[in-house]
Every structure is written in C-alpha cells, then in structure tokens.
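First residue of the sequence shown: 1, per the UniProt record's numbering; consecutive thereafter.
If you're looking for bench data, these hints aren't it; they were derived computationally from the structure. Quick caveat: nothing in here was measured; it's all calculated off a predicted structure. Among the hints, erroneous ones may be present.
Stated by the list, open to error - With a Cα cut of at most 25 Å, we get these calculated SDA-like pairs of lysine to any residue:
(1) Lys95 to Glu150
(2) Lys109 to Ser166
(3) Lys115 to Val104
(4) Lys266 to Ser131
(5) Lys146 to Arg135
(6) Lys156 to Arg273
(7) Lys129 to Asn260
(8) Lys266 to Lys95
(9) Lys156 to Ile133
(10) Lys200 to Tyr147
(11) Lys200 to Glu262
(12) Lys138 to Ser166
(13) Lys95 to Ser166
(14) Lys146 to Gln94
(15) Lys14 to Leu47
(16) Lys115 to Leu309
(17) Lys256 to Arg203
(18) Lys256 to Ile133
Unchecked claim - Simulated restraints on C-beta separations:
(19) Asn108 to Lys266: 41 to 47 Å
(20) Asn108 to Phe272: 14 to 20 Å
(21) Lys146 to Asp105: 40 to 46 Å
(22) Gly308 to His162: 47 to 53 Å
(23) Tyr174 to Ile56: 35 to 41 Å
(24) Lys146 to Glu210: 45 to 51 Å
(25) Lys109 to Gly308: 21 to 27 Å
Positions of the beta carbon are idealized from the N, C-alpha and C atoms, including for glycine.
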Amino acid sequence: PESHQDKNKSERRKKILELSLCCKRGKLTPLSLHSNTKTMRDRLQELKLRVKELQIAGENNSTTVQEEEQEEFEQQAIIYEKEPITERHLHEIQKLQNEVNNLVDEVNKFSQQQKSLVSSMRRFSVLKKESNIAREIKIQAEHIRKYLDELSKTVKKAENEHGPSSATVRILAYQHAFLSRRYLNAMLSYNDAITAKQEKCRRFIVRQLEVAGKEVSEEEVNNMLQQGKWEIFNENLLTEVKITKAQLSEIEQRQKELVNLENQIKDLKELFRQISVLVEEQGEMINNIEISMNNTQEYTQVSKEKFGLAVKYRKRNPCKALCCWCCPCCK
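Sequences and hints are given; from them, build the entire structure.
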C-alpha cells in the first residue's frame with residue numbers, strides 16, 4: 001500500500017510540474033481551452049444576432065426611404081397643381097393659332113394674285129375676287145386682334161395671381177408674343193402687297209400715257225385720284241391725245257384698281273394703327289420673356305444642384321441598408 005501511495009504522489013507531482021511548465025511556456029491548459037471555446041461560441045451567437053438586427057434595420061430604412069420619396073413626389077405634385085394650365089387656356093391658344101394660320105394663308109394668296117396684271121377682259125371678275133379676299137382678311141384680322149387682347153388680359157391676371165416667375169405666366173406670355181409676332185408679320189405682308197400693286201398700277205398708267213404722247217408723272221396721277229378728277233382727265237385725253245378707246249379703257253381699269261386698293265387701305269387704317277401699338281407692346285413683352293428665361297436658367301441650376309445631392313444621398317442609403325456594420329464604406 002505504501003508503494004501504491006508513493007506512485008500516486010509521484011504522478012500528481014508530475015502533473016503539477018507539467019502544468020507549471022505549460023504556464024511558463026505560455027501554452028493553454030485544457031481547462032483554459034475549454035473556457036475560451038465557450039467564449040468564442042458566445043461571441044458567434046452575438047454576431048449572428050447583430051447581423052439579424054442590421055438586416056431588419058436595413059429593411060425598415062429602405063421602407064422609410066421609399067415612403068419619404070413618395071411623400072416628396074406627392075408634395076411636388078400638389079405644388080404643381082396650384083398653377084395649372086387649364087384646358088380652357090390651351091383650347092383658346094390653339095383656336096387663336098388656327099386663326100392666325102388661316103390669316104397667313106389668305107395674305108399669301110392675296111400677294112400671289114397681286115404679282116401680275118391680267119387683261120381687261122378679266123378685270124371685273126378679278127377685282128371682285130380681290131375685294132372678297134380683302135374683306136375676309138379684314139374680318140379675320142379684327143377677330144384675331146380681339147383674341148390677342150383677351151389673351152393679354154389673361155397673362156396679366158395670371159401674373160397677379162401666381163407671380164411673374166410662374167410657369168403658367170411664362171407659357172401664356174410666350175404664346176401671346178409668338179402669335180402676336182406672326183399676326184404682325186402677316187399684316188405687314190398684306191400692306192406690302194397692296195403698296196406694291198399700287199406702284200405697279202401707277203407705272204402702268206404713266207407708261208400707257210407716254211406711249212400715247214402724254215407725259216404725266218406719278219404725282220399727277222396720285223393728285224387726280226385723290227381729287228376725283230379722273231373723268232375730266234379722260235375727256236382731255238380723248239380730245240388732246242390720239243389714244244384709242246381700248247387704251248383708255250385699259251387705263252380706266254387700272255384707275256379703278258387703284259381706287260379699290262386705296263379703299264382697302266382706308267378700311268384697314270384703324271387696324272394698322274392698332275398694329276403699331278402692338279409693335280410697341282412687343283418690345284416690353286420680349287424684355288419680360290428674356291427676364292423669365294434668365295429666371296428659368298437660375299431655377300435649372302438650383303434644381304441641378306438639388307438633384308446632385310439627391311443622387312449622393314441615394315447612393316448612401318443602399319450601402320447602409322444592405323452592407324454589414326463592419327463594411328468600410330459605412331465608416
């Protein structure tokens with residue numbers, strides 16, 4: 001028994017020596033290894049729980065971002081609805097544009113007819129047709145002028161309600177300026193066509209009289225037309241100048257044409273006066289449009305900066321929602 005006890009004591013001493021040597025050399029004992037393994041397992045569970053929490057937070061964050069974006073979009077739509085271009089305004093602008101297009105077509109048709117002098121056999125029908133076209137042009141021009149006045153009042157009313165930088169005001173003002181410019185160009189072309197035809201008729205009368213041996217200037221022809229002494233002038237031509245009745249009839253036809261053109265100009269005198277006022281208003285309108293365009297450029301620059309920030313924030317949110325907390329991009 002004593003020998004057996006001695007053996008046990010010697011074994012215990014060996015174990016104690018081994019443990020002391022392991023501690024001195026820095027080696028882990030089985031007990032410490034077991035405790036460290038248990039600690040590592042606990043940290044792994046904690047890490048798994050942390051990952052689940054981050055995933056749930058990311059889903060909530062993405063849902064919140066979508067809700068915020070939807071709320072922002074709805075808010076922008078509400079701001080836009082405060083100043084809509086109503087269907088009534090668009091319908092009126094389209095109707096006015098069609099009227100201006102018809103006026104331009106009628107003026108072009110009239111100008112083409114005035115470029116040639118037809119024979120006296122067709123003068124009566126041509127004069128009647130030209131008179132009808134001139135009457136239609138006058139009616140259309142007066143009608144368009146009223147439409148432009150109403151559109152101008154609409155622009156001023158919208159400016160008082162929404163402000164000069166409003167999208168509604170800018171669109172209406174641009175349409176008014178564009179249609180007014182087309183209307184102005186059409187009426188100026190009509191005036192040029194009448195004036196050119198008058199000059200052509202005067203030159204024709206003077207040339208016919210020169211052929212017959214009667215020298216008459218264009219000023220004398222104008223004075224006779226204004227004073228209404230054309231019949232006395234015709235009688236003198238028959239007695240003083242060797243001119244045939246056919247030539248005299250041709251000259252009388254041109255004289256009637258001149259009188260007709262003069263009457264057309266007199267009928268449009270008031271309308272041309274209104275057009276001159278419109279030309280003066282166009283200068284101020286163009287300046288306002290230029291100011292509006294500058295304001296639009298400023299708004300575009302500000303919007304561009306805001307979109308840049310939005311893209312920057314948008315790039316950050318998915319990183320926070322999907323990546324791990326230890327990812328370097330989130331630091």
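Practice task
Please name the hints from earlier in the document that this structure breaks, with their numbers sorted from lowest to highest.
Solution key: Violated: hints 2, 8, 9, 10, 12, 15, 16, 19, 21, 22, 23 and 25.
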